[in-house]
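Visitor: Respectively, the protein sequence lines represent chains A and B.
The numbering used here puts the first sequence at residues 1 to 163.
The numbering used here puts the second sequence at residues 1 to 691.
Quick caveat, the hints were computed from the structure, so don't treat them as lab data.
Glycine included, C-beta positions come from ideal geometry on N, C-alpha and C.
Warning: the hint list may mix true and false statements.
[To be verified] Per label pair, the in silico range of CB-to-CB distance:
(1) Pro54/A x Thr287/B: 52 to 60 Å
(2) Phe81/A x Gln19/B: 56 to 64 Å
(3) Asp97/A x Gln315/B: 28 to 36 Å
(4) Val503/B x Pro114/A: 44 to 52 Å
[Stated by the list, open to error] A few chain A residues that face chain B, going by a derived Cβ cut-off under 8 Å, partial list only:
(5) Ile60
(6) Ile67
(7) Ile68
(8) Leu98
[What the hints assert, rightly or not] Computed, partial: chain A to chain B, Cβ under 10 Å:
(9) Lys46
(10) Ile47
(11) Pro51
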Amino acid sequence: MSETARNDTLLDEEDSQKDKYLTFIVDGESYGIEIRYVTEIIGLQKITSVPDMPDFVRGIINLRGKIIPVMDMRVRFNKPFREYMERTCIIVVDIRDLSIGLIVDSVAEVVNIPAAAVAAPPDLTKRGNRFIMGIGQAAGEVKLLLDCEKLLTDEETEQLLNN
Amino acid sequence: MSDLRGDPIFEAYLTETAQLVGQLEELILACEHAGAFTEEAIHEIFRIMHTVKGSSSMMQYHNIAALAHALEDLFSYLRDHPARPANWSELSDLMLEGVDFAKVELHKLRSGEPADGDASVVIGKVDRLLDAIKRGRIEGEDAADGPVPSDGLYRYVATLRFTEDCQMANIRAYQAVFQLRDRLADFRHIPESLLDDPEADAVIRRQGFQLFMATDRSRDEIVEALSGTSYLKDLQVREIAPGEYARANPPAREAAGPETMDNGPPAGKPDGAPNREIRNTAGAHQTTIQVNVDKLDELMDLVGELVIAEAMVTQNPDIAGLQLGQFQKAARHLQKITKEIQDKVMEIRMVPLATTFQRMNRIVRDMSKKLGKSVALRLVGEETEVDKNIIEHITDPLMHLVRNAVDHGLETADERAAAGKPETGVITLEALNNGGEVLILVRDDGRGLDRRGILDKAKARELLHRPEADMTDKEIFQLIFLPGFSTKEEITEYSGRGVGMDVVQQNIAQVGGTITVDSRPGEGTVFMIKIPLTLAIIDGMNIRVGDALYTIPTTAIRESFKAKVRDIITDPDGNEMIMVRGECHPILRIHKLFRVPGGRTDIRDGVLIMAEQDERSLCLFVDELLGQQQVVVKALPAYIRRLNRVRGVSGCTLLGDGSISLILDIQGLLNMNHGGENGHVGDRTERYVAG
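In isolation and in its complexed conformation, chain A is listed as follows (with noise of 0.2 Å):
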């Protein structure tokens, strides 16, 4: 393949994910992710407990010889625990080279938002919030959009400020 072709089809499989969010529901909430972060979704698996850890991380899973965190999405946007069901899943993740999975209580579908439709969230300061990024508008519905990168990050800042 010459080196230009390898260019067009990386900028095709580029283009072909802009725009494109994950929808998953939490709480009755619509919330999306988009979609390069996203490595795969799997259903619930046996989770084992690491002790000393924040409530929102469950634990850790093995996927495949790989051995990653997972974090329940309801907990760390200060939603009461709820007992796992069958359509429980585990969206696993790839944020800056670190495999997380994260479990919602479903996956709804993948959808394109145009960065037209995306509107600032309106209160960031309100806890829950934190890690959202934007407000997207698909088919009339209100998806909120996540700051991937803050899902792992904020817990360290969230750590200095309450000690």
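Let chain A serve as the given structure and place chain B on it in line with the hints.
Guide: Relative to the frame of chain A, chain B by itself:
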């Protein structure tokens, strides 16, 4: 320059040159230690510089090549004039400066940067030293110079280099020799065999063509004759002493007569023994190969997967409880082979500590010079082998400990004399195998640790959580490893670069090791580092608590037993202890510590496992033992580690059925328990353990 990393020639150059530079450093230090550069050492250094020069200029790293060239000249002079120069120490300093320069440049190259250092300062020094040596010798010149040529012949050595576009450099060299040979009384060249040796072309390209000759003609005439050679890029002709000429012309060779000039190619001469350099490399290629560490890591990972896969098959729930004679037999066979592969892979990764230890020579030397202390470094057991990854992790801590020992541990010469000790302080670096682990001792015979000072400092920094009177000397000394103990007050050039002993401890803990210290006032201090032989696969005992599975390294387990209620003692704070053979051990309930639901709570229902490390022990209360097996240690995910909250767990492993088991960190559990805390991890212990 473009990034050459991954290019085999470039990699080979880096590895080879790094090795040579390392050899050179060792050689210099050894010579300095012996107080003189022996003739062999000078030859060896000359040879090394020669090779470095050749390969560096081939790779177009002109600064390295130029430096090597200058040093080569220097040693070529020393080689020809065996009388010793006055100042060996100056020479060693200079050589080490050169070594450092080369190391820095090689490091730059390895990290993908251009080798752009300026060697001219060092080269200038080398030239000046050479001048000085030459001048210093003028008076006794000929007398010191071995036998005067008695046959009226001059001896020259000509070095010819050919341009890059020159094809078949060996043929050009042959032509040059051919047209000159009538005028020469005797000659010899490197490489020896020009036409028969398939390597000759490559050798000439790499290191030039050297022609040693004995003749009655003048130097100018020789130069003129040789400069007519086609494709010539560079020509040097210098006069040499008959001694050097004879050395380049071993009698055995002479007897065989000048080489096959008259035979046309290919003569197929079997005895055309290649010169020393070629023979060395050829020999080395047959017995060892160099492998990229990444590949070994991958292989190790694969073997880890294999061990897990094997457990998945042999302990498959589908066949549990079935009597399958043939299957069991085959499974045992498989287990045996897996174990052997694993052992072999481990063995491949084992590296002797010698290189790491020898680096300390250099540190001790530099520091003792700067600080004006007389220090001897003794190395014991440097052939002890540990896993490659572990070596990387302990080099820095060791360097730190050695620096500390020289700087703080050892007294000045005056103080030593006053204390009636020999003026030279001795630092001993000792390694020994001790079952599944390696012990490394860093011992000095200095003033010892200041018990009072440590206590005062710990108090001032609020690190003391127990009454002084309760603490043994060893426990007090151990305080220096607490975070926040070392401060920047005592910065000297070498110790205390903002790195405290707590960092040393952390580094060692990272590879599953421990460090302890003992000291006697006036007699010295010993640091003892215990590290596991390998990290990747350990023998573990799997245990169950409620639904959760844990693995305990078998090396830490002393025994397991059922407790009797009457042996259990509970203190007023609710801490449980058990008397075993007259000794009292604290009990740690895993279900309580890790808040595992469904764990057995009655001490009579479960099992107690007595775990021990560093002369401290505790009994873990668990539901049941599941059995012993080899487990592959995996780190907890980076995200979990970053939260930095996990205590008492050092990693995790996959069991045969794919479930995850957490590997308990006995050292961590002991530390947690140390403060008397026995419930789940509290603030107090947390501060004590890691700050």
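Visitor: All hints are to be evaluated individually against the structure, with a verdict given for each.
Guide: Evaluation of the provided hints:
At about 55 Å, the beta-carbon gap between Pro54/A and Thr287/B stays in the expected band of 52 to 60 Å. Taking the beta carbon of each, Phe81/A and Gln19/B are about 59 Å apart, inside 56 to 64 Å as hinted. Under the hint 28 to 36 Å, the C-beta atoms of Asp97/A and Gln315/B, about 33 Å apart, fit the expected range. A hinted range of 44 to 52 Å holds for the C-beta pair Val503/B and Pro114/A, which are about 51 Å apart.
The closest approach between the C-beta of Ile60/A and any C-beta of chain B is roughly 6 Å, which is under the 8 Å cut-off, so the hint is satisfied. Using the Cβ-Cβ criterion of 8 Å, the hint placing Ile67/A at the interface with chain B is satisfied: the shortest such distance is roughly 6 Å. With a least beta-carbon distance of about 6 Å to chain B, the hint placing Ile68/A at the interface is held under the 8 Å criterion. Look at Leu98/A: its Cβ gets to within about 5 Å of chain B, closer than 8 Å, so that hint holds up.
For the restraint placing Lys46/A at the interface with chain B, the shortest Cβ-Cβ distance is roughly 6 Å, inside the 10 Å limit, so the hint holds. With its C-beta approaching chain B no nearer than about 9 Å, Ile47/A sits inside the 10 Å limit, and its interface hint holds. At a threshold of 10 Å, the smallest CB-CB gap from Pro51/A to chain B is about 4 Å, leaving the interface hint in force.
No hint from the list above goes unmet by this structure.
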